[in-house]
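Enquirer: Whenever a hint applies, use it, and build me the whole structure from the sequences.
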Amino acid sequence: LIEDNLPDAVLVREALEEHGVEGELLVIGDGAAAIAYVETAKDRLPDLVILDLNLPKRSGREVLRAVRQAAAFRDTAVVVLSSSGAHQDRADALAAGARQYIRKPLLLEEFLDLGAIFRQMLESA
Amino acid sequence: MQVLNTSAMTRSPLAGVDRQFSAGGVEFCPDDSTDVYRGKLARLVLDELPGFAALLTTSGILLARNRAADPALIGKSLWETAWWRMGPSVQFELREAIERAARGEAVKHHLNLAPPEMPVTDFTLSPVRDAEDRVVFLLLCGIAENQADERASALLSAIVDSSDDAIISKDLNGQIMTWNKSAECLFGYTSEEAIGRSITILIPPDHLEEETRILERLRRGERIDHFETIRVRKDGTTLNISLTISPVRDANGRIIGASKIARDITDRVQREHALEQANADLQQFAYSASHDLQEPLRMVAAYSELLKRKFGGKLGPEADEYIGYMVSGASRMESLLRDLRTYTQVLSGNAEPPGEIEPARVLRTVLANLEVAIADSGAIIEHADLPRVCMYEFQLQQVLQNLIGNAIRYRGAETPRIHISAERRNGRCLFAVQDNGIGIDPQYKEQIFGIFKRLHSAGEFPGTGMGLAICQRIIERGGGRIWVESQPGRGSTFYFTVAGAKSERQSNTGLDPVDRRQSPGRGAGARSA
Chain A
1 LIEDNLPDAV LVREALEEHG VEGELLVIGD GAAAIAYVET AKDRLPDLVI LDLNLPKRSG
61 REVLRAVRQA AAFRDTAVVV LSSSGAHQDR ADALAAGARQ YIRKPLLLEE FLDLGAIFRQ
121 MLESA
Chain B
1 MQVLNTSAMT RSPLAGVDRQ FSAGGVEFCP DDSTDVYRGK LARLVLDELP GFAALLTTSG
61 ILLARNRAAD PALIGKSLWE TAWWRMGPSV QFELREAIER AARGEAVKHH LNLAPPEMPV
121 TDFTLSPVRD AEDRVVFLLL CGIAENQADE RASALLSAIV DSSDDAIISK DLNGQIMTWN
181 KSAECLFGYT SEEAIGRSIT ILIPPDHLEE ETRILERLRR GERIDHFETI RVRKDGTTLN
241 ISLTISPVRD ANGRIIGASK IARDITDRVQ REHALEQANA DLQQFAYSAS HDLQEPLRMV
301 AAYSELLKRK FGGKLGPEAD EYIGYMVSGA SRMESLLRDL RTYTQVLSGN AEPPGEIEPA
361 RVLRTVLANL EVAIADSGAI IEHADLPRVC MYEFQLQQVL QNLIGNAIRY RGAETPRIHI
421 SAERRNGRCL FAVQDNGIGI DPQYKEQIFG IFKRLHSAGE FPGTGMGLAI CQRIIERGGG
481 RIWVESQPGR GSTFYFTVAG AKSERQSNTG LDPVDRRQSP GRGAGARSA
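Residue numbers (my numbering), protein chains in the order written: chain A, 1 to 125; chain B, 1 to 529.
Source of the hints: derived by calculation from the structure; they are not laboratory data.
Keep in mind it's a predicted model, so treat the numbers as computed, not measured.
Be careful, since some hints might not be right.
Just a sample of chain A residues kept apart from chain B, beta carbon distances all over 12 Å, derived [what the hints assert, rightly or not]:
(1) 25
(2) 33
(3) 40
(4) 43
(5) 47
(6) 62
(7) 76
(8) 92
(9) 116
Selected chain B positions facing chain A (Cβ under 7 Å, derived; list incomplete) [what the hints assert, rightly or not]:
(10) 298
(11) 299
(12) 302
(13) 305
(14) 306
Ideal Cβ placement from N, Cα and C applies to all residues, glycine included.
Expert: Here it is, written out as structure tokens:
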């Protein structure tokens, strides 16, 4: 999970727990650190990348580009989870190789329901 | 003093004329004696005078008159004539003048009355003597034309000079011909400096093509009204002006130049700019605020909810109650922000002009959106034929959804019955949404359209108080009006006007009334009335 906002990171964790996803959740809090990780990671690679767009240092778009360019992440699904509802952001993310674009839901219930989507993506990975 | 010559002369001055002729109704014969000839000539001259000429006795009785005078007055007193009745001051002045002339004085007098109240303003009285008595010769005439022109132009130039607007005239080559005092103040050039120079001294270089266009229009005889532009002063500073330019024609109707009236609107333009800027800033602020507040609010809302889910019932009843307040507060705040965003978005212009739409179709969407509320309340919603209108579909949807939603929400004890109708009026469409709900106290009928205005507590009826404000904004942005008529306890009817479709065609979906029945579910239905 690449997300600078801790409360959102916790909500993602809650969502995963809610839907019985087991495993390790690695949280990276800024864009530069995320790119560094993507470019150097060799083992224990993630099955799913959940990416916020509005990140400190380097943007989520740059992170997405780095992920798509890293050979190690060639088959890794990326889901963008952003608070932006702009059509352009969605279109850009999907064009850059994101599997899904999800706007952060306002309601807790809906946020927790995202766990089902994450689970499904992990199972099909 | 003149004396009428009564001595006879032997030779006719017209002896060489062998034909008799007439002029002005007076017949001249070749054999007229000089006296007769003179008498006739005098008659002729008198008759040709444009004014009233008459012989009066010293007591004011008319003895003879020219053609300009009313023949019925002969033998009567001057006081019986029309102009005599102009008032005591005229009476006094005339009587005095006659007395002075009777004493042998030649009197010239100007009556200080302006036309049309007094068509004749100058008179002369000359003492003459006939064989028996003294007679007064009275000549009354209108103001000499050139004198009238002088007076009119003096008046006009006084008006021009006292005007707050700059009044300038120029010829068709753009050369300044006249320049009033306000033009001096406004542009900084004295009339000596300005007259004879080109009008382009006032025009900023990047506006010079305006003058070409203005001159073209003037040559065609067109007038230019309230043209708002920029001009430059002698000191180089610019000012906003509103120009009215009219062609000036000579006596033959030929266009010889133009008069320009320039009004300084710098203050107004600056105020308008400031206001526009302030409005834009405010709108941007409201939009960003409602956007940026959304994120932290999402945290508050999600975590108060999470707290309730995970720890509800574990922290004691008081904690549960407090968490409940947090949850409902956050959710209310969310609704407010959402509505505030909608409200500010109404202002931000749409690039595309609104198209013609079918309100019945919009209504179907609205009823589908309100499906749950309609089913829960058992509301019966009917509509008449709705003519096509010209507006943004989503805006009509917002308006109808708010009004119908309110009609359901503010229902009384009875089953809510809501009727939507519309009719064309002068190219616009008047909609009416009528309900049998709790109604609105007339004293609040304006207030309910205010932002965040509510007449009930959230406990009685939920809502943000933004719905009608949004409706009003949408309708007024479209040049329409929205208002309510209501009797508390009996129901309300909300009216609004929107632009009608250009075609007169009535809304006709081609479906029969059964198909047009709006029945979004669970038995509660809307049907076409």
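Enquirer: Let me know if the C-beta of residue 299 of chain B comes in closer than 7 Å to any C-beta of chain A, holds or violated.
Expert: holds (5 Å)
Enquirer: If we take the beta carbon of residue 116 of chain A, is the closest beta carbon in chain B still more than 12 Å away?
Expert: For residue 116 of chain A, whose nearest Cβ neighbour in chain B is about 17 Å away, the distance exceeds 12 Å, so it holds.
Enquirer: Beyond 12 Å on every Cβ pair: is that true for residue 25 of chain A relative to chain B?
Expert: Its Cβ never comes within 12 Å of chain B, the nearest being 17 Å, so this holds.
Enquirer: Checking hints one by one. Is residue 298 of chain B an interface residue toward chain A, by the C-beta closer than 7 Å rule?
Expert: holds (6 Å)
Enquirer: Taking the shortest Cβ-to-Cβ distance between residue 47 of chain A and chain B, state whether it exceeds 12 Å.
Expert: holds (25 Å)
Enquirer: Can the hint on residue 305 of chain B be confirmed by a CB-to-CB distance to chain A that is less than 7 Å?
Expert: holds (4 Å)
Enquirer: Please settle this one: residue 43 of chain A was flagged as non-interface, so is its CB more than 12 Å from every CB on chain B?
Expert: holds (34 Å)
Enquirer: Regarding the hint that residue 306 of chain B lies at the interface with chain A, is the smallest CB-CB distance below 7 Å?
Expert: Given a least distance of 6 Å, the restraint on residue 306 of chain B holds.
Enquirer: Per the stated criterion, does the least C-beta distance between residue 40 of chain A and chain B lie above 12 Å, as a non-interface residue requires?
Expert: Check passes; 32 Å lies beyond 12 Å.
Enquirer: Minimum C-beta separation from residue 33 of chain A to chain B exceeding 12 Å: can you confirm that?
Expert: For residue 33 of chain A, whose nearest Cβ neighbour in chain B is about 22 Å away, the distance exceeds 12 Å, so it holds.
Enquirer: Say whether it holds or is violated: residue 76 of chain A keeps its Cβ farther than 12 Å from all Cβ of chain B.
Expert: At about 27 Å from chain B, residue 76 of chain A clears the 12 Å cut-off, so the statement holds.
Enquirer: Closer than 7 Å between Cβ atoms is the bar; does residue 302 of chain B clear it against chain A? Give me holds or violated.
Expert: OK, holds: residue 302 of chain B within 7 Å of chain A, min 5 Å.
The structure shown violates none of the earlier numbered hints.
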